[in-house]
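First to last, the protein sequences are chains A and B. Under my numbering, the first sequence has 113 at position 113, and the numbering climbs by one with no breaks. Under my numbering, the second sequence has 66 at position 66, and the numbering climbs by one with no breaks.
Because the hints were derived from the structure by calculation, they are not lab data. Values in this document were obtained by computation on a predicted structure and should not be read as measured data. The C-beta atom is built at its ideal place from N, Cα and C for all residues, glycine as well.
Straight-line distance between alpha carbons at most 20 Å, and here's what the computed DMTMM-like set of lysine to aspartate or glutamate pairs gives:
hint, chain 1, residue 1, chain 2, residue 2
1, B, 49, B, 85
2, B, 111, B, 15
3, B, 49, A, 103
4, B, 58, A, 103
Some chain A residues close to chain B (C-beta under 8 Å, calculated; not the full set):
hint, residue
5, 33
6, 48
7, 104
Cβ-Cβ distance ranges computed for the label pairs, FRET-style:
hint, chain 1, residue 1, chain 2, residue 2, range
8, B, 29, A, 57, 14 to 24 Å
9, A, 12, B, 84, 27 to 37 Å
10, A, 83, B, 40, 22 to 32 Å
11, B, 10, A, 83, 18 to 28 Å
12, B, 20, A, 16, 44 to 54 Å
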Amino acid sequence: NAGVTQTPKFQVLKTGQSMTLQCAQDMNHEYMSWYRQDPGMGLRLIHYSVGAGITDQGEVPNGYNVSRSTTEDFPLRLLSAAPSQTSVYFCASSYFPTSRHTEAFFGQGTRLTVV
Amino acid sequence: AQSVTQLDSQVPVFEEAPVELRCNYSSSVSVYLFWYVQYPNQGLQLLLKYLSGSTLVKGINGFEAEFNKSQTSFHLRKPSVHISDTAEYFCAVSAPGNDMRFGAGTRLTVKP
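Chain A on its own, in the form it takes in the complex (with noise of 0.2 Å):
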């Protein structure tokens, strides 16, 4: 089974540029998730998605936007790269039925580094 792919896994990007990193999930998973991950700070929420059409923001989604256009596909775009943003990033899904939290499934991982 994929579970959760993301690409690419590698990035370097200059400041001012802008890209998508891209999530799809194979499990039909309501919920779906971007972190960002941080020496010392764990992982931190960006934005969510509770299903195709609804994304909200998360702990800090300043420099980014997302889309759910479909229950698969989560990909989250900076719109113009800063070295702050510089770190590694996961999606993560799971079924999110509003009486219970279920494991969430991760990808890989994009080691993002913004020059």
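Add chain B to chain A, keeping to what the hints say.
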């Protein structure tokens, strides 16, 4: 909103020794609690979870955790660690209708 504090950023331990990784949470509602493990250059993998019921939860690779509501803790334990347990461990909390929040992580280093 919920939050998580992992009390130790690094835990060095010798092989075959017991280990405890500490996690405290705060929430005004009932919570679900998770421990994830991250091996170098990989994504996060679920070790165990507490949703309801028995407060002692057993997970993969011989790990277990105990939910203590009065102390708002969810500490992770293993009676005898192996070199292969060297990794970063994350405690996470969520609640019905809420997203998942992670602690800062604890780096476990098992020495021979």
